[in-house]
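Asker: Could you put the whole structure together from the sequences, leaning on the hints where they help?
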Amino acid sequence: MNADYIGLFVALRPEVHLVVGALLVLTVDLFNARHLPANRHQVALVLGLGTLLMAGYAAVMGNASGRIYGGVFLLDPLANATRAGVIGLAALALALLPDPRRLKNPAEFTAILLFATSGFTLMAAANHLLLAFLALELASLSLYVLAGFDKTSPASAEAGLKYFLFGGMAAAFLLFGFSLLYGLTGSLQLEVIGHRLATQGPTPLLVVAVVMVLVAFGFKAAAAPFHPWAPDVYQGAPAPAAALIASASKLAGIVLFTRLLASGLRDNAGTVAHLPIAIGWAPVVALIAAASLLLGNLGALAQSNVRRLLAYSAIAHAGALLLGVLAARLNGVGPLFYYAATYGLATVGAFGVIAALETAGPVQSLTDLAGLHQRSPLLARCLAIFILSLAGIPPLAGFFGKFAVFSNVLHLGGLAGPAGWLTLLAIALSAVALYYYLLILKQALVVPAADKPRISVPLHVAAALVIAAGLIVALGVWPSVILGLF
Amino acid sequence: MNALPCTIYVSFTGAILALVAGTRSAGAARFVALLTTLTAWGLVLAAATKFVPTAELQELVNAPWIPELGIRYHLAVDGISLTLLVLTGLAATVGVLFSWNIEERVGEFFALYLALIGGVYGVFLSADAFLLFVFYEIAIVPKYFLIAKWGSTNREYGAMKLVLYSFAGSALVLAGLLWAFAAGRASGFGVAELAAATGRLDLPQQVGIVAMVFVGFATLAGMFPLHTWAPTGHVAAPTAVSMLLAGVVMKLGAYGCLRVAMPLAPAAFAVLQPWIAWLAVIGIIYAGFVALAQDDFKFVIGYSSVSHMGFVLLGLAGANAVAVSGAVLQMFSHGVIAGLLFAVVGRMVYDRTHTRQLADLRAMPLHRLLPFPALVFVLAGLASMGLPGFSGFPSELTILVGTWQTRPLWALAAATGVLVAAAFTLRAIALAFFGQAERGAADGAGQGNGHAHPLDPVTWPEKTGAVLLLGATLYVGLRPDSLLDWIRPALQSPAFQAFLTGGAS
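Chains as they are written, first to last, in the working numbering: chain V, 1 to 486; chain G, 487 to 991.
Hint data in this document are derived by calculation from the structure and do not stem from the laboratory.
None of these values were measured; they are calculated from a predicted model.
Hints should not be assumed to be uniformly reliable.
As the list claims (entries may be wrong) - Straight line, CA to CA, 20 angstroms or less: simulated SDA-like cross-link-like pairs of lysine to any residue:
id	chain 1	residue 1	chain 2	residue 2
1	G	Lys647	V	Val447
2	V	Lys104	V	Pro458
3	V	Lys442	G	Arg591
4	V	Lys442	G	Asn640
Answerer: So this is what it looks like as structure tokens:
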């Protein structure tokens, strides 16, 4: 491996920005806290958003591409788009920073969020098992802390601990899987692994390795049966942390594992497009997708808590995303990225509305949303856009994401195999999903408020919500903006 | 002609303006809504006067939209869509007139209403199946909020049922279209491209695709046994929304069947044809008998809608030029008549008497208390029964004549439905408007009610709306050729000829 440090530095400018920014936030707060304690929130927020903006600029304008540092990083269109996407989603999540009464350490929160974001961007570009694992752990460890950040709330502590225990377990599985892959091929480089596995043919050890990797993938994507952490974490974590876990983390995870499966294990996919099924990772992914679709959609029907409902809807969406992973190898990753990114936008938005509502009181039950149209028309309308996008109603982005992904999967082999049948199942379940999404909107838009005060939405939260809603509409009407990147 | 796409843009812009105006005053929102619907209708009528019927679709806009999937923003018009556009403009305008008494969250009501109308215009103008689907779904969601917020009787149940049925139907459509697109390797979502793609598959797959798309659309057209959303939804909806649901939204389903499902695979449609026809016949007769047994005035009209939409589906299943042109004419006719009936029941009667139970209405001599609504309802009832001179007559007759050419048994069975329709309509007229105040205690109560609280007089928006609708049904009843001259040439286009000849065997 020839060490090209200049090239590495140029390629990793977004990450450099993020890390330096995080340290800057901490340092400024160290002095600021003593002199101007009242401004700590604004300072942290402004510095954090500025850092993300610069990192985003570097990610979009960066002219590095191709294999970097001997192929440890791969900056293809997918990696570049994902880096920009996770930074944008992180900025929207950061804008939901709770007010000083409920968050005592804004600078630490912001800094850890920036570290998590640098983990996401590294995941997006990783082309090497060791880097993939390190990036994933950097992101995960930061997220564990963020989930448990609200020290006044036992639910937050529970969320942090549960997320940590599940995540630690998943990381152990992943590391074991990686070590087996390394043992089988003698390389950590994805292309080399793919090449060597192609000549080896399937072995029982490889099956074990693939299953281990998929367990970790299932955890990261909140797919059934590795989902039980999701409802508790979504319920207990502070809103920006939950938004980050549900959006940017998912996007980065999907991209990382898609690259791993489609590149490193490219000849061991098997197929579910036709009968008989060929053994590989595809049947396992299909199985996880089916379980997630069913469990997510049916589980959401029984929820009375908004955040838990969003968690089950996230599980259902994970199922649809995994269907997209099946087709990513053949027809490109454009639809998959579009779906994951716009799903992230809608989820950040939904959590943003919850965050804004929490300034006026706790938001747990669905009925806490009652009369939102009277308490804050802005929040009610934004929520309608986010939820209808999650439900897949055109012309919002959620519809086109589903449409493109399903069309991609059906291109695999029509209805000749399980992939096609799963697509039909997913389309049928979208009618089920509309029911529980409408339950949310019924509370927000139809039910009158019972003498609750109006909500004054903080400016930064309102801006984040309007930007997210505008992007969902714009990307839904002009999906080619994203699809054309690939 | 080129102004027609503006109907869509005008409606959506009007929706936003109504929302803004609603924050100022209710009156402003009403006038914005009325102005919007009138503008859109005016654009349609202006285009209609210059319309030269042709076999081919007349291009309006055709631009690439999502080139990655071959999807185009393609709007076009022919005689069939123009007929339904005229209906949409009329129903939308009259619907605004009949919602003049909405007092609560007026801006939001009209914003949702106009968004729904914009979606409907979009469906009737779309020539690309994906675009049609997008507009079709845009038209679904506002209905939920319109009914759940401003409706009556069991409104949240009715709204949810209606939206879930519509959405499940559209999911079937989406699945079918994607199946054809992906499995047949279509290059785009134009109906012709999808039909070519479907043609590359074997017959069982073709039948599967056409069945999914047709049943999906037909759910919204009220096909038996998937019609159960219609009566509950119509009853729960506020008057203007019932009028729109019966008047134009159910037509979206029938239009989708005709424009997308049937041309996809003529051979597959021929296989399904008898099934569709018999389901249509069962719907006509079954819904008619159910309407005969209802106690709630609005349920009578709700089931009558299902029964009359059965004729549309039967005409489509007849699959020859006469039957299908009759079906399109019936779409127009039923849109006008059902709108009129719902207007009388929901706005003119219910908003004044606050009851829809036929037994209660019977105790009030409504023909004396509310002479104008009684007159309108009798005329609309006659039109609905299919009496000559009204639009119901030429349309149902054309359908029956056309169906007879395909399979006489279907026509005979459906003709009994006309008798049932006469029975339930006459029963409703007699019970609701010409009930005798019963002697004794009930007499005192009924009379006392009438005199102690004189019913509000009928307002000018109601009269204007009713006269517009009555004029339309009479005009088409006396001069059905004015519409048939648009419809017949359109059926000569290759897309329609493929299944019209294929189905008439």
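Asker: Next, verify each hint and record whether it holds.
Answerer: Do the hints match the structure? See the list:
| no. | hint | in the structure |
| --- | --- | --- |
| 1 | G:Lys647 <-> V:Val447 | holds (18 angstroms) |
| 2 | V:Lys104 <-> V:Pro458 | holds (18 angstroms) |
| 3 | V:Lys442 <-> G:Arg591 | holds (15 angstroms) |
| 4 | V:Lys442 <-> G:Asn640 | holds (14 angstroms) |
The structure is consistent with each of the numbered hints, conforming to all of them.
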